[in-house]
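Participant: Sequence lines, in order, name chains A and B.
With our numbering, the residue at position 119 of the first sequence is 119, and numbering never jumps.
With our numbering, the residue at position 60 of the second sequence is 60, and numbering never jumps.
You may find that some hints are simply not true.
To be verified - For the chain B half of the interface with chain A, some residues (derived, Cβ under 7 Å), not all of them:
#1 V15
#2 D21
#3 T262
Please keep in mind that the hints were generated in silico from the structure rather than gathered at the bench.
Where is the CB? At the ideal position from N, CA and C, for every residue including glycine.
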Amino acid sequence: MPRLGILALQGDVREHQATVQSLGIEPTLVRTPQQLEEVDALILPGGESTAIAHLLVTSGLREPLANRLNEGMAAFGTCAGLIALSAEVLDGRSDQWSFAMLDVAVRRNGYGRQVASFETPIEVESLGLVPGVFIRAPRIERWDPQVEVLASHDHGDGEHPVLVKQGAVWGCSFHPELTSNAEIHGLFLQHVGF
Amino acid sequence: MTTQENFGSVGTARVKRGLADMLRGGVIMDVVNPEQARIAEDAGAVAVMALERVPSDIRRDGGVARMSDPQMIKEIQATVTIPVMAKARIGHFAEAQILQALDVDYIDESEVLTPADEVNHIDKWGFTVPFVCGATNLGEALRRIGEGACMIRSKGEAGTGNIVEAVRHLRTINKAIRMLQLADESELFSMAKDLQAPLPLVLEVAATGKLPVPLFCAGGISTPADAALVLQLGAEAVFVGSGIFKSDDPERMAKAIVEATTHYLDASVVARVSTGLGAAMKGFETATLEQRLSERGW
Chain A
1 MPRLGILALQ
11 GDVREHQATV
21 QSLGIEPTLV
31 RTPQQLEEVD
41 ALILPGGEST
51 AIAHLLVTSG
61 LREPLANRLN
71 EGMAAFGTCA
81 GLIALSAEVL
91 DGRSDQWSFA
101 MLDVAVRRNG
111 YGRQVASFET
121 PIEVESLGLV
131 PGVFIRAPRI
141 ERWDPQVEVL
151 ASHDHGDGEH
161 PVLVKQGAVW
171 GCSFHPELTS
181 NAEIHGLFLQ
191 HVGF
Chain B
1 MTTQENFGSV
11 GTARVKRGLA
21 DMLRGGVIMD
31 VVNPEQARIA
41 EDAGAVAVMA
51 LERVPSDIRR
61 DGGVARMSDP
71 QMIKEIQATV
81 TIPVMAKARI
91 GHFAEAQILQ
101 ALDVDYIDES
111 EVLTPADEVN
121 HIDKWGFTVP
131 FVCGATNLGE
141 ALRRIGEGAC
151 MIRSKGEAGT
161 GNIVEAVRHL
171 RTINKAIRML
181 QLADESELFS
191 MAKDLQAPLP
201 LVLEVAATGK
211 LPVPLFCAGG
221 ISTPADAALV
231 LQLGAEAVFV
241 GSGIFKSDDP
251 ERMAKAIVEA
261 TTHYLDASVV
271 ARVSTGLGAA
281 MKGFETATLE
291 QRLSERGW
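Only chain A is shown next, with the shape it has when bound in the complex:
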């Protein structure tokens, strides 16, 4: 049985944990390189991307996690997790780095600051409508052809992807974990062999 981990340095770890528990999976919380070795797939939660990036370095996880991802480990990032997995980060700090597993360019807070945070139903391929909660959300502004778009949203200026996958790596600009709907997590886990 493969083992699912949740990166537990900062952010809405508890919500991801509850979501996957509702699917009958007991995840491992990953805060150290040793814990990373125990898991076969990893969820990167929402949170503050700069804080999580900083903590990845100080906890010694940056390099081993980059290696695991490059070796093909499955990963699912929401919001800050999407930023961490993206190839290019726009409007980030000058020293912002990322794992570059998804060939997309994301703009931090691309939908605005907190007062512009919003929720709206999102049509996901093969699932139908799911609730979309966008909080200071990153916006996917460019994406390469090898990136598969599973859902898009038109925020008044054309369709932009909000749920994407490239191989075993998935990224989502909203927060399925903040709702009681576990379908996106289920879809990801099913695709990566759980």
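Following the hints, put chain B in place on chain A, whose structure we already have.
Facilitator: Relative to the frame of chain A, chain B by itself:
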């Protein structure tokens, strides 16, 4: 306030509480200028609180403490990419309107500033921006949530560098939650009356065993060990006010408190980051204080 735009709803309880969820396991730092904001972000803060004077200086200077100058808030917003919070006086809804117009990410209706209304807190449901409020006990926390607060922070005693009040408030809140969980259903009505808290919220807490919104800790945290202590007592994130920029080496202290907050269950990490930090802020014995900020608000 929920406003339906053509692309979605803004200001819903879920998006307001959701930002608090994103800050969990993090450190929110008080900063008084863009340079400090930069240091905070570099150290891994999840958000900054923009204010003119840290609580220990407010305590020293006396006088009326008000909302900060919008110019300073804007400069800090332009400097960092993390959320920027700002404080409004208790009951001062006009200050809160200004802060919302400035696009701050969270408003702290704070006892650290001089209260503007001795009876009413701000009606927070009417705002798109979320609010955090302080509480010393469960009834106070639930009254604030009833008024629309999306995050509760235990008050502690701001500007003292003394953790004793924060511990008291956290333990008081969590003990009351445990008592609700143990109570017979028929006892909850009178417990709601004793707590002076809205009955539906009391029933919710009794059923879930936690507040309906995240519980953070503020007021007196000044070392990595303090952060590890309050997180083990059930706080989900920490606010650090004077504790960082009144210490000997703010940059190191900020980083150390961030690491201790993530690895609060691993004493070897907290030990490592605590080593050779230099002096924490001097602090006060709370028994000798002339003004207890935690008594403001009700």
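Participant: The structure should be examined with respect to each hint, and the outcome stated for every one.
Facilitator: Hints and how they fare:
The beta carbon of B/V15 is positioned within 7 Å of a beta carbon in chain A (closest approach about 4 Å), and the interface hint is therefore held. Residue-level restraint check for B/D21 holds (minimum Cβ-Cβ distance to chain A is 4 Å; threshold 7 Å). A cut of 7 Å between beta carbons decides the hint on B/T262: the least distance to chain A is about 5 Å, and the hint holds.
When each numbered hint is compared with the structure, no violation occurs for any of them.
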